[in-house]
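Student: Take a look at the letters that make up each chain.
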Amino acid sequence: MARMKFLCDADRCIDCNACVTACKNENEVPWGINRRRVITINDGKPGERSVSMACMHCTDAPCAAVCPVSCIFSTDDGVVLHSKDLCIGCGYCFYACPFGAPQYPKIGNFGSRGKMDKCTYCAGGGGTEVSGSIEEYKKYGANRLAQGKLPLCAEMCSTKSLLAGDGEIIAEIYKERVLKRGYGSGAWGWMTAYKEGIAS
Amino acid sequence: MSLPTFKILAAVFALAVAVPTIAQEQRAPDGAAAPDANAVSEQTLLQQESRIEGRIDIPDTRARVLIQPAGRRWDYFHEITLHRVGAIVILGMIVLLGLAFLILGRTRISAGRSGKKITRFTAFERFSHWLTAASFVLLGLTGLNITFGKIVLLPLMGESAFSDLAQFAKYVHNFVSFAFIVGLILIVALWIKDNIPRQVDIDWIKQGGGFVKGKHAPAGRFNAGEKVVFWCALAAGAAVSVSGLLLLFPFYGTNIAAMQVAQVVHALIAVLFVALILAHIYIGTLGMEGAFEAMGTGEVDVNWAKEHHDLWYEKKAQESLGPASATSIK
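Line by line, the protein sequences are chains H and Y.
For the first sequence, the residue numbers in the numbering used here are 1 to 200.
For the second sequence, the residue numbers in the numbering used here are 1 to 330.
Excised from the complex, chain Y in its bound form (with noise of 0.2 angstroms):
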C-alpha cells in the first residue's frame, strides 16, 4: 500500500471512529444511557495491539485471534517485496557471475599439472558435502517453486500438473530438511577449525585473493574466501533450519504472528543463501581449473595446492615425507 493511499484510508478510518464516538454521547430513545458508552472499539483496541485476541467457547483455542491485519502486510512482503528481493539477488548474481566467466575467464594453474595428486579431501569429507549440497539444490529448487512457480511454471504447465508438482515438491522440501541439517552439523563439525580467521586471511583479502591474475596470495587449508563462504553457509544454513522447523510444526512454540517472522526469514536468508551457493559452484567448476577434482575424486594436482593454498600444500608435505625433507619439496 503506498503512503498516500494508506493516509486516505486512515483518514476514512478515523471519520468511521469519529461518528460512533458523537453518538456515545447522545441518549438512546428512551432516555436511558447509551448502553455502548463502555464498549471496546475494535480502532481503539488495533491502536493498542497489532492483533484482537478474545476468549473463545470452542476447544480450538488458537482460533481466539479475532482480527491480525499484519495479515495483509505479511501479504505485501511476500507478493510483492520478496519477489523483487529474490528476482534481483538470484538473477543479479547469474549475471555478475557471467560477467566475471567473461572478464576474468577462467583461472588455470598457471605452472600447468604436476601429474602428481594430494589428497585435500577424504571421502567422510565429501560425503558430508555432496549431502548438504544435493539436498541444498533440492531444498531450494522446492523452495523457489512456492514463490516463482506460479509465475514461471504455472502458465506453462496447467493448474493441475503444476498444483501435482508443488504438492510433490512440498513434500520433498519438508523431508529433505532434515538431510540438510545433518550434513550441515557434519561440515561444521569437520571444518569449523579450518576456517577460523588468522592473520593470514586479512593479508590474503589485502593482496585480492585470486582475483588479481598470476598472483595468488598464501592461504591455508581454506582461504579468506572460503572461509566467508563457510561462516556464511553456516549462519544461513542455522537461520533456515531453525526458522524452518518452526514452520514445520505450526503452534509447536509460536503462534501467527511468530510463524509469519519465521517465514520472512526463512525466505529473505534462503534467497541470499542461494545467490552465494551460485558463486560458489562458480568458483568450484567454471571458475578455477582444478578447483573441481578437490570434492570429486578427493584428490587434487599438487600445482593446483601450491598455488592456491601454499601453507596448507607444506604442512601436508611435512607430514607426508617428515619435517627434515619438507623444505626440499618447496
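If we strip away everything but chain H, and leave its shape as in the complex, we get (with noise of 0.2 angstroms):
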C-alpha cells in the first residue's frame, strides 16, 4: 500500500506559482481560495529559498483530530480527506494545521466561515458522492488519483521541484538529487508532518 506524500525540493522551486496555478484550474476551487501556495523564505538574501505548500496529508493529521464533527480523516494511501456535508466551519482544523492548509470561504465573515476547502492530492471528496462522479467533482475538485494519476500541481512542475508519491519513492528520488549535486536544504516539513525526515 502506498503512502502518497508530497516532497518539496527547495533546491530547484523557483517560485514561479504554476503548481498554485494548475491547482486552481483543475479543482475549479473557489474564489479566494488557494490550496497550494508558494512561500519564499529570505526573500532577496544570499541563500533566499522557495517552498511550494499545500496540506501535507500528515501522519495522524492534528486537523482530524480535533475536528469537532469528525469530518477529516486518512485513506488508506495516507491522504488525509474530508467531508464537506458533516463540516460546520469552526475553524479549528485551521489552527491545528502545520501547514495553513484548510481554508473557507467566508473567513472574516463573523465566524461563519462556511464549508471548509484544502488539498484532497487530487484525491476527489470525503464525502457520499460517487468517486470521479461530477457531483464530487464540483464539491472537492478533481480526482486524478483514481484515475490512477498524480496530483496536477507535482505533474506539471517545470523543474521537478514539487513531487508527489509514494513516501518511500520519492524519498529515494530526493536522496539520490542530494547525493548527485552534493547539497540540499532538506525536505521541507517532513519532520512536522510526517515525524521522519530525509536522512541521505
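Just so you know, these hints were derived from the structure itself, not from any lab.
Even glycine gets a Cβ: it sits at the ideal position worked out from N, Cα and C.
A few of these clues could be false.
Okay, derived cross-link-like pairs now, DMTMM-like style, lysine to aspartate or glutamate, Cα gap no bigger than 20 angstroms in a straight line [stated by the list, open to error]:
(1) Y:K150 with H:D60
(2) H:K160 with H:D60
(3) H:K195 with Y:E79
(4) H:K115 with Y:E49
(5) H:K45 with Y:E49
(6) H:K84 with Y:D164
(7) H:K84 with Y:E49
If you want the ones that stay clear, here's a sample from chain Y, every Cβ over 12 angstroms from chain H, calculated [said to hold, decoys possible]:
(8) V89
(9) L96
(10) A100
(11) A111
(12) G209
(13) E307
(14) K315
Hints in hand, dock the two standalone chains.
Tutor: This is how it looks when you write it as C-alpha cells:
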C-alpha cells in the first residue's frame, strides 16, 4: 500500500507559481481559496529559498484529531480527506494545521466561515459522492488518483521541484539528487508532517 | 508527545540536520562552491522562531506562514489536556455537590417560614440575572458539545444528525454570546457596589459561612460566598467574552498564534466557569431552602433574610419603616 506524500525540493523551486495555477484550474477551486501556495523565505537575501506548500497529508493528522464532528480522515493511501456535508466551519482544523492548509470561503464573516476547503491530493472528496462523479468534482475538485494519476501541481512542476507519490519513492529520488549535486536543504515540513526527515 | 519519544525525534532531527551541513563542505561535481552555502534551513529557522514565515505572491497575505509546528501542540491541548481538565473539573464538581447534598443536606430556614415577604431583587435585577443565566446555559451546552460532543453524542446520533446539531449549536453559540455579554454588563453595573469586600466578609469566612449548621454569620446584601461567585463570574465572563470575540472575528487583530492562545484561554476558563456555576445553581436551588425565590419571584421570606443576610435585612427594614422602629423589628 502506497503512502502518498508531497516533497518540495527547495533547491529547485523557482517561485513560478505554476503549481498554484494548475491546482486552481484543475480543481475549479472557489474564489479566494488557494489550496497550494508558494512562500519565499529570506526573500532577496543570499540563500533565499522558495517552498511550495499545501496540505501535507500528515501522519496522525492534527486537523482530523481536533475536528468536533470528526469529518476529516486519512484514506488507505494516507491522503487526508474531509466531508463538506458534515463540516460545520468551526475553524479548529485551521488552528491545528501546521501548514495553514484549511481554507474557508467566508473567513472573517462573523465566524461563519462556510465549508472548509483544502488540498485533496487530487483524490476527490471524503463525502458520500460517487468517486469520479460530477457531484464530487463540483464539491471537491478532480479525482485524478482514481484515474491512476498524481496531483497536477507536482505533475506539471517545470523544475520537478515538487514531487508527489509514494513517500518511499519520492524520498529515494530526493536522496539521489542530494547525493549527485552534493547539497540539499532538506524536505521542508517532513518532520512536522510525517515525524521523520530524509536521511541522505 | 511523551518526553522519550520527543528525545528520539530530536535525535533523528539532529541527524537530518547534520547530513546537509556536511554536504555543504563538499564541492559540486563541477568543482564550483556549493550553491546552497548560504541556504536557509528549516531546522535553523524553527530554532529561531516557532513559525516560519516568508513572502507570498498571492493577495492572501495571511497564507504567508509556511510551517507552524505549534498546531500539533494545540492539537495536544485540545484533544488530551482539555478533555482531561474538562472532565475532571466538571464531573468532579458534580460529585462534590452530590456529596454536599448527602452529607450536609438542605439548609433549612431554622426559624421556619414567617409568611411575611421582603423584596430582595427587583424585576430588572431578575431580568439581568436570567438573561445572563439562560445565555450561559446555552453557551455552556453548545460549547461543551464542540469539545465533548464527538465522544458523547456522535456515537448515539450518527454522523449526519450530529453534524446538523453541531452546526446549529455553533450558530447558537456565536449569536447568544452577545446576550451573555449584555447580561454580564448589567449584572456588574447593578451589583458591583454591594459586592465590594468588607470586614464583615472576613468574619463570615472565619465563622465558616453558611456551611456550619445551626449558625449564621452576619452578612450584608451579599455574603462572602456570593461575592466570590460575583468576582469569579466577572473575571471569567470578561475572559471568555474577550477571547470569544477574538475567535468570532478571525484575523481581526489576531494571527494564528493569537487565535490558538485565545482558544486555550476560552476553553480552560469556560470549563472552570461551568463548574463554578454548577455550584451556584446547587446552592440557589437544592442546597438552600428559601433561596430560589429571591431570583424567582424576587421576594424572600423575612426569616430567611434575617438568617442569611441580617445586616441587609436591618437596613431594608430601616428604610421601609423609618429609623425609629428599626430596633423593634429586630
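Student: For each hint given before, does the structure comply? Return the numbers of the non-compliant ones in rising order.
Tutor: 2, 4, 7
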